[in-house]
Amino acid sequence: MSDLFDLPFEDDPRESDEAPQPVASRRVYSVTELTIRVRDQLEEQFFEVWVEGEISNCRLWNTGHLYFTLKDSSSQLKGLMFRSALRYLKFKPADGLRVVARGKISVYEPKGEYQLVCEHMEPQGLGALQLAFDQLKKRLQAEGLFDTARKRPLPALPRKIGVVTSLDGAAIRDIIKVLRRRYANAHVVIRPTRVQGDGAAAEIADGVRAIARVPEVDVVIVGRGGGSIEDLWAFNQEPVARAIAACPLPVIAAVGHESDVTIADLVADVRAPTPSAAAELVVARKDEFVSRIDRLTDRLVSTARGRVQRLSRRVHELSGRRAMAGYTARLAMTERRADELTRAIADAIRSTLAVRDRQLRILERRLDASNASRRLARDRTRLVTADGALHRLITVHSHQAKMKLGQAAGRLETLSPLGVLARGYSVCWNDERTRAIRDSADVAPGDTVHVTLSRGAIAAKVSRTE
Amino acid sequence: MSDTSIKDFEAAIAELETVVKKLEEGDLSLEQSLALYERGVTLSKFCHARLEDAERRIELLNERGQLKPAPAGLSGDEPDR
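So the sequence lines, in the order shown, correspond to chains P and A.
To convert, count from 1 in the first sequence and add 732; that's this note's numbering.
To convert, count from 1 in the second sequence and add 1203; that's this note's numbering.
Bound-form chain P, shown alone (with noise of 0.2 Å):
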C-alpha cells in the first residue's frame, strides 16, 4: 500500500552497487516506536511543570475526564484532566479562565499529539473558593433555585423540628436554648452529622433527605456555628444545595453569622442569620398563634353571649304580653346550652393560661369544685391575676343570661318548646312548674315531675336518683 508513495523518494538499493547506504545507522522506526521514544523524552523531561495560560475548548467528557486548550497570546497547549483529580478542584474550570496548571507533558499516541496531564489547577486572581462560589451561584440561579416563587412558608405549628448540624458546636446548643425557652415542649429531632472537612457536604446532603422522611417532622432547619469561608465550605457544596431544593419540607438554613451568605441559604426557603435566629423563627409561629386563637375565642365568646342576650330581652318582651311564651322554655334550653358550651371554653383557655400562671391553677380548681366556689371565684376574680377573657367570660356571661332567662322562665307555664325539643331534647320541671330541674339533688324519690316534649308533656315520680 505504501509502495506507490515509496517510490519516487527511494531508489531501490538493488540497483546501484556504488552507493551503499550506511545501514548501520539506518535505524527506522515504526511510528509507534518513535512516538512512545517521544513520549518517554518529553515525560521525563516535563515530569512536572507549571504552566500558566487561559483556559478554552473547555470540554467534560462523559467519562468525566477534562478536556481543554491552555493558551497565550502566540501559543498553544493541549491539556487534559483525568477526573480523579478533577474531584479535588474546588472550582470548574471554564473557558476564559486564568490558571496555572501543574502536571506533566505526555504524548497521545493516536494522535501524535503532545499534551498537559494536569493534575492540579489553581485560578488566577479571585481565590478558588470565591470562584467555585461565584460558579455553582450562577449556574443554581440560572435553573431557578433561588426564586422567590419556590420559597415555601413556614408550618404554622411544626409537629416534630428536624435538625441536621454537628452534635459538637454551638450551634445546636443555641438552637435548643431558644426552643426550651419559647417553646417548652418542642419535640426536636436532630440529625448528626461532620459540617466541616472532606465528607461533611455529603454527610449533610444525607442528613436533609433522610431527616425529611422522618414522620411528623414539618420543619428542617440546617446549618452551624460561625467560622472561616473553609470551615462554611460544605455549605457551598451542590449536594447540599441539591438536596436542600429536593428537600419535600420547608428548609431554614442558619450557617454562620449574619454576615455569611452560602449557597444553602440561597436554596433554603427562609435564611436564618444565626442557629439562634432559626429556632426563634419555628417558635415565633407558635406565639402567634396562641395569640390569634386566644383572640378568636374571645370574639366567638362575647358574639354569643351578645346573642343570647338579645334574645332574652326579646323574651322578656313577649313575656309581658303572656303571648309565645313558649319561646321561654326554649329559651331556657338554648341558654343552659350556651352555658355550658362556654364553661367548655372557658376550660380550654384555663388550661392554655395554667401552662403560664400558676395562679390560675387555683382558680381553677376553685371553679371546678362547685357551683358556690364558683359563685366564689367570680367575686375574687378581680383579686386574682387573672385573664381578660376568662374574667369576662364568668361574670357578665353568667350572671346577666342566668339572672334574666332564669326568672322569665321561672315565671311562666310550660308551653310546647320548638326547636330544641323537637331535636329530642326535653324539660324535666319540679311539681309547681316553676323551675327546670337541672341537678339530681333537687328532687327526692316520691316527688312529682313534669316532663315537657316536642310534642305533649309527662306527669312522672322519681323512683330514685342518682
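Honestly, the hints are just simulated from the structure, not real lab data.
There may be inaccurate statements among the hints.
[Claimed, not checked] What follows is a list of derived Cβ distance ranges for each label pair: (1) A/1271 to P/809: 52 to 58 Å; (2) P/793 to A/1271: 44 to 50 Å; (3) P/902 to A/1265: 21 to 27 Å; (4) A/1252 to P/1042: 27 to 33 Å; (5) P/929 to A/1260: 26 to 32 Å; (6) P/1197 to A/1217: 42 to 48 Å; (7) A/1269 to P/808: 56 to 62 Å.
[To be verified] If we take Cβ atoms under 8 Å as the criterion, some of the chain P residues that face chain A in the derived model are: (8) 888; (9) 921; (10) 1036.
Ideal Cβ positions, reconstructed from N, Cα and C, are used throughout, including at glycine.
Given the structure of chain P, go ahead and fit chain A onto it with the hints provided.
Just chain A, lined up with the frame of chain P:
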C-alpha cells in the same frame, strides 16, 4: 384529639375564623348560631390542645434511620443564665 372533621391545625384556625365571622354578622337563626358556636368551641379546644400536646423530647436520628433519645447534656435543661 380524635375529631376527624378537623383536618389539621391550620385548617382549624381558618375554620374558626369563618365561624366567628359568620356569628358576628348575625342574621342567623338561633339553631344556626348555636350550631356554629358549638363548632367554634370544638375548634378552639382542638387548637389549644394542639398547641400544648407536642412532646417535650429530643431525639437523634442515626445513620440507620433509627431514632434514639439524645444524651442528657443536649437536653438544654440546664439554667440559661
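Here is what the structure says about each hint:
As the Cβ distance of residue 1271 of chain A to residue 809 of chain P is approximately 56 Å, the hint placing it in 52 to 58 Å holds. The beta-carbon spacing between residue 793 of chain P and residue 1271 of chain A, approximately 45 Å, falls within the hinted interval of 44 to 50 Å. A beta carbon spacing of about 22 Å between residue 902 of chain P and residue 1265 of chain A agrees with the range 21 to 27 Å that was offered as a hint. A hinted range of 27 to 33 Å holds for the C-beta pair residue 1252 of chain A and residue 1042 of chain P, which are about 32 Å apart.
Under the hint 26 to 32 Å, the C-beta atoms of residue 929 of chain P and residue 1260 of chain A, about 30 Å apart, fit the expected range. In this structure the supplied range 42 to 48 Å holds for residue 1197 of chain P paired with residue 1217 of chain A, their Cβ-Cβ distance being about 46 Å. At about 57 Å, the CB distance of residue 1269 of chain A to residue 808 of chain P agrees with the hint of 56 to 62 Å. Checking residue 888 of chain P against chain A by beta carbon gives a least distance of about 5 Å; that is within 8 Å, so the hint holds.
The beta carbon of residue 921 of chain P is positioned within 8 Å of a beta carbon in chain A (closest approach about 5 Å), and the interface hint is therefore held. A distance limit of 8 Å between C-beta atoms decides the matter here; for residue 1036 of chain P the minimum to chain A is near 5 Å, and the interface restraint holds.
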